[in-house]
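Those protein sequences? They're chains A and B, same order as listed.
Just so we're aligned, residue 1 is where the first sequence starts under UniProt numbering, counting upward by one.
Just so we're aligned, residue 1 is where the second sequence starts under UniProt numbering, counting upward by one.
Among the hints, erroneous ones may be present.
Said to hold, decoys possible - Part of the chain A face toward chain B, derived, beta carbon under 7 Å:
id : residue
1  : 59
2  : 60
3  : 169
Claimed, not checked - Straight-line C-alpha distance at most 20 Å; calculated DMTMM-like pairs for lysine to aspartate or glutamate:
id : chain 1 : residue 1 : chain 2 : residue 2
4  : A       : 60        : A       : 188
5  : B       : 60        : A       : 182
6  : A       : 155       : A       : 143
7  : A       : 155       : A       : 101
8  : A       : 60        : B       : 182
9  : A       : 60        : B       : 188
10 : B       : 155       : B       : 143
11 : B       : 155       : B       : 101
12 : B       : 60        : A       : 188
13 : B       : 155       : B       : 126
14 : A       : 60        : A       : 84
15 : A       : 60        : B       : 163
16 : B       : 60        : A       : 192
17 : A       : 60        : B       : 164
18 : B       : 60        : B       : 188
19 : B       : 60        : A       : 163
20 : A       : 60        : B       : 192
21 : A       : 155       : A       : 126
22 : B       : 60        : B       : 84
23 : B       : 60        : A       : 164
For the record, the hints were derived by calculation from the structure and aren't laboratory data.
The C-beta atom is built at its ideal place from N, Cα and C for all residues, glycine as well.
Number of protein chains: 2
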Amino acid sequence: MPGMTFWFEFASTYSYLAAMRIGPLARDAGVEVRWRPFLLGPTFRAQGWNTSPFNIYAAKGRNMWRDVERQAAGLGLPPVVRPDPFPQNGLLAARTATFGEGAAWGPGFVRAVFTAEFAEGRDISDPAGLAALLDGLGQPGHEILARAGTDQSVKDRLRLVTDDAQAQGIFGAPSFVPDDGELFWGNDRLEEALAWAAAG
Amino acid sequence: MPGMTFWFEFASTYSYLAAMRIGPLARDAGVEVRWRPFLLGPTFRAQGWNTSPFNIYAAKGRNMWRDVERQAAGLGLPPVVRPDPFPQNGLLAARTATFGEGAAWGPGFVRAVFTAEFAEGRDISDPAGLAALLDGLGQPGHEILARAGTDQSVKDRLRLVTDDAQAQGIFGAPSFVPDDGELFWGNDRLEEALAWAAAG
Chain A
1 MPGMTFWFEF ASTYSYLAAM RIGPLARDAG VEVRWRPFLL GPTFRAQGWN
51 TSPFNIYAAK GRNMWRDVER QAAGLGLPPV VRPDPFPQNG LLAARTATFG
101 EGAAWGPGFV RAVFTAEFAE GRDISDPAGL AALLDGLGQP GHEILARAGT
151 DQSVKDRLRL VTDDAQAQGI FGAPSFVPDD GELFWGNDRL EEALAWAAAG
Chain B
1 MPGMTFWFEF ASTYSYLAAM RIGPLARDAG VEVRWRPFLL GPTFRAQGWN
51 TSPFNIYAAK GRNMWRDVER QAAGLGLPPV VRPDPFPQNG LLAARTATFG
101 EGAAWGPGFV RAVFTAEFAE GRDISDPAGL AALLDGLGQP GHEILARAGT
151 DQSVKDRLRL VTDDAQAQGI FGAPSFVPDD GELFWGNDRL EEALAWAAAG
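Work out the full structure, taking the sequences as your base and the hints as a guide.
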């Protein structure tokens, strides 16, 4: 079965939209998706940014929020709620998703985090909140959070994956990389990336 | 008939794609398009950029060229040729398109400039080349270029339009603004903007 890596960052609004869409689209396309959380912060800092470019460039930021509202409405998602602060600190959520990569609960956890963040405006850096999301998926939230927050192997894995993103030329999220290495950036390219992967 | 303003910048690759697509799509949607050339340079300089962000941010630039190649292929356009230098100086072309706003030859001239630039890699700052494009449309190229290059009213109009773009929150090109003022940014939003305008 052809495969594709779905690179996402928990602070990213368009990663949210892609996470909510990718499951059924990938099934229809016959493509196996690898859900890969990474951190954009190091890439942004290397470009001299200390926050989201949507905060640095105000007009671009205003358009982004309006666009995400329109896209969410078009997808039948709940009205977008802007978390405070934006961007959220997604480190612990990313470590937890890294810990759960390949687990059956992985994609559900990712969707639950994004929904809490952008449909409910909740703080995703709160360990208790993340644990509760896992509990809601029938998983031992407290135990998983304890391991995700402290295991050196999880930290190392997320750092390695983030370095790998930069090495592959990934500069934003979401990004989609079919097995042949072609890079597609942005939620708007999800369908095209899946078609590319399926044809590969 | 509902209307929509199509804001484009001659140096912009995605403005090229939009310019080649918008005619038939707007006809099908029943939307009257106002073709509005403007300059992005002042907006970019206000953000501290002295060239295209695709030059400043190398990974983003690499992805842009690859993406435009894929999009052009998907649209049945010729293979993309990168003009040298990039971005091109589109000032004279923008003044000429400003002079021709509302004229029957306006959209044809815009498409001809973009095609020369991104399908043939030609220098669009050359007055003789622009005059030849007009000649090819059955217009008196030399005369039009002489006026577009020197008329104070044309310079003033382009400056006013460029200021207006910034005042409306336009930060990139192409942008689409239906009659009610909703802003849509990027070639990927063309269909959505037309549907919005038609529903307006």
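Consistency of the hints with the structure:
1. Proximity of residue 59 (chain A) to chain B holds as hinted, the smallest CB-CB distance being about 4 Å (cut-off 7 Å).
2. A distance limit of 7 Å between C-beta atoms decides the matter here; for residue 60 (chain A) the minimum to chain B is near 5 Å, and the interface restraint holds.
3. Restraint check, residue 169 (chain A) versus chain B: the minimum CB separation of about 5 Å is within 7 Å; hint holds.
4. Between residue 60 (chain A) and residue 188 (chain A), the direct Cα distance comes to roughly 17 Å. Compliance with the 20 Å bound is thereby established for this hinted pair.
5. For the suggested pair residue 60 (chain B) and residue 182 (chain A), the alpha carbons sit about 14 Å apart, so the restraint of at most 20 Å is met.
6. A C-alpha spacing of about 16 Å is found between residue 155 (chain A) and residue 143 (chain A), which places the hinted pair at or below 20 Å, so the restraint holds.
7. With a C-alpha separation of about 13 Å, the suggested pairing of residue 155 (chain A) with residue 101 (chain A) holds against the 20 Å cut-off.
8. Between the alpha carbons of residue 60 (chain A) and residue 182 (chain B) the distance comes to roughly 14 Å, so the proposed pair stays at or under 20 Å and holds.
9. Using a Cα cut-off of 20 Å, the hinted pair residue 60 (chain A) and residue 188 (chain B) holds, with the two alpha carbons roughly 16 Å apart.
10. For the hint pairing residue 155 (chain B) with residue 143 (chain B), the CA-to-CA distance comes to about 16 Å; that is within 20 Å, so the pair holds.
11. Between residue 155 (chain B) and residue 101 (chain B), the direct Cα distance comes to roughly 13 Å. Compliance with the 20 Å bound is thereby established for this hinted pair.
12. Between residue 60 (chain B) and residue 188 (chain A), the direct Cα distance comes to roughly 16 Å. Compliance with the 20 Å bound is thereby established for this hinted pair.
13. Taking the CA atoms of residue 155 (chain B) and residue 126 (chain B), the gap is near 18 Å; set against the 20 Å cutoff, the hint holds.
14. For the hint pairing residue 60 (chain A) with residue 84 (chain A), the CA-to-CA distance comes to about 18 Å; that is within 20 Å, so the pair holds.
15. Proposed proximity of residue 60 (chain A) and residue 163 (chain B) is supported: the alpha carbons are some 17 Å apart, at most 20 Å.
16. Using a Cα cut-off of 20 Å, the hinted pair residue 60 (chain B) and residue 192 (chain A) holds, with the two alpha carbons roughly 18 Å apart.
17. As the CA atoms of residue 60 (chain A) and residue 164 (chain B) are separated by approximately 16 Å, the hinted pair is consistent with the 20 Å bound.
18. As the CA atoms of residue 60 (chain B) and residue 188 (chain B) are separated by approximately 17 Å, the hinted pair is consistent with the 20 Å bound.
19. Restraint check for residue 60 (chain B) and residue 163 (chain A): satisfied, since their Cα atoms lie roughly 17 Å apart, inside the 20 Å limit.
20. A hinted pair counts as satisfied when its Cα atoms are at most 20 Å apart, and residue 60 (chain A) with residue 192 (chain B) qualifies at roughly 18 Å.
21. About 18 Å separates the Cα atoms of residue 155 (chain A) and residue 126 (chain A), which keeps this hinted pair within 20 Å; it holds.
22. Of the pairs offered as hints, the one joining residue 60 (chain B) and residue 84 (chain B) holds, with about 18 Å between alpha carbons and a cut-off of 20 Å not exceeded.
23. Taking the CA atoms of residue 60 (chain B) and residue 164 (chain A), the gap is near 16 Å; set against the 20 Å cutoff, the hint holds.
Of the hints listed earlier, there is not a single one the structure fails to meet.
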